[in-house]
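Chemist: Please build the complete structure, drawing on both the sequences and the hints.
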Amino acid sequence: MKKPDELERTYVRKVREGTQKYARDLMAENDRLRMLIAALESDRVRLAERARSVESVLQEVDLLRGAVSTLEREKLGVQAQLFAAREELESHRQERARLEQQVADVEKESRRFAEQYVQVEAQNTNLANLYVASYRLYGTLDRQEVLAAIQEIVVNLIGSEELGVYELEAEDATLRLVASFGIDPTAHDRIPVGEGRIGRVAASGEPDIGAGAPVAARAQEADLTACVPLKLDGRVVGALALFRLLPQKNGFESLDHELFGLLGTHAATALYCTRLQERLAARTPA
Amino acid sequence: MANKKILLVDDSNTILMVEKMILASEPYHLVTAGNGAQAVERAAAERPDLILMDVVMPTMDGFAACRALRARDETRAIPVIMVTTRGEADKVELGFESGCSEYVTKPINGPELLAKIRNLLGE
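As given, the protein sequences belong to chains A and B, one line each in that order. All residue numbers for the first sequence refer to my numbering, where the first residue is 1 and numbers rise by one. All residue numbers for the second sequence refer to my numbering, where the first residue is 1 and numbers rise by one.
To be clear, the hints were calculated from the coordinates, so they are not data collected in a lab. No residue lacks a Cβ here, since even glycine has one placed at the ideal position from N, Cα and C. Be aware that a few hints might be false.
[What the hints assert, rightly or not] Here are the computed distance ranges between Cβ atoms for each label pair:
#, chain 1, residue 1, chain 2, residue 2, range
1, B, 109, A, 135, 14 to 24 Å
2, B, 119, A, 250, 23 to 33 Å
3, A, 223, B, 123, 40 to 50 Å
4, B, 111, A, 107, 17 to 27 Å
Modeler: See below:
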């Protein structure tokens, strides 16, 4: 059994050891708490910084909201201007379309006038040709001049440099060549009425301008293009035969038919007048 | 402003009359000549603004007259329109070689003739 002193010393030692251990534990706890405080302080600083950052962002957001609001107002103004501009543009487009239509109408009218002007010029030429042909036929009582006028009309106004003018000799029903140009007169000198295309024209009194029923042609008539009867008071007194046309002449036009009609009656009359004049001159003493 | 003067040259009265009537609707002063030699003399004296010249004529034909016109200082620049019966390429070429400015073929087409005259007169 231990002595009381020993027991006391043991107790003291144990208390001391317990106290020392407790002190160590306290120290350890203290250290842990200090570290925790340091960590918390660090978190606090970090959070404070973040809070300041968030505050800054919020301020920026407010500024941006203000700017957006301003931009919205500006946008509305621009949209209103755009709308007005679109309306103006549409108005201009309509005006432009109207003006373009007016220009097109004016151009169309101008073209129509130009075409009419050309038609008038063409008609003027046709009338000039008819007038000149008539004037030339009746401008003289000299037979050779009338024949020359017929030739000039055919060459210059119709466009053929191969022609023959025939007169009817009633006694033997024959057409006699009285004037020619560009053809061999001996080959066309006399044509019996009713023979070949030229003779048929004299027999029928109808012109042969290539549009009628085909008629057997004489060998000399291979190049015949048109033949017109010369009539006096509806009676055939001769014929005008046109052979090849000038190279640039592709066919007969309405004026040519008018000239054929004019020559058919007026050339015969003019030639008849020259004969009367010749008879009159023969009767009149010199 | 004085009317433009045009010299018409042809030995055929028929053609001269037709040309005069076609041109009568325009404000031109017309003078005439009956052959190439007359045309050269008339052109030197009248100084026309344009000459309308037939090709086949007695005394001097249209080609020779055109060459004569081109050889003289006072008539060299006058535009000449040849009026040809035959419009084949060789005839036309001969006309241009002799110095003509344009050509028209017979039978004369009024609108065509007027268009060529207006063009050469700068109208």
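Chemist: In ascending order, which of the hints set out earlier in this document are inconsistent with the structure?
Modeler: none
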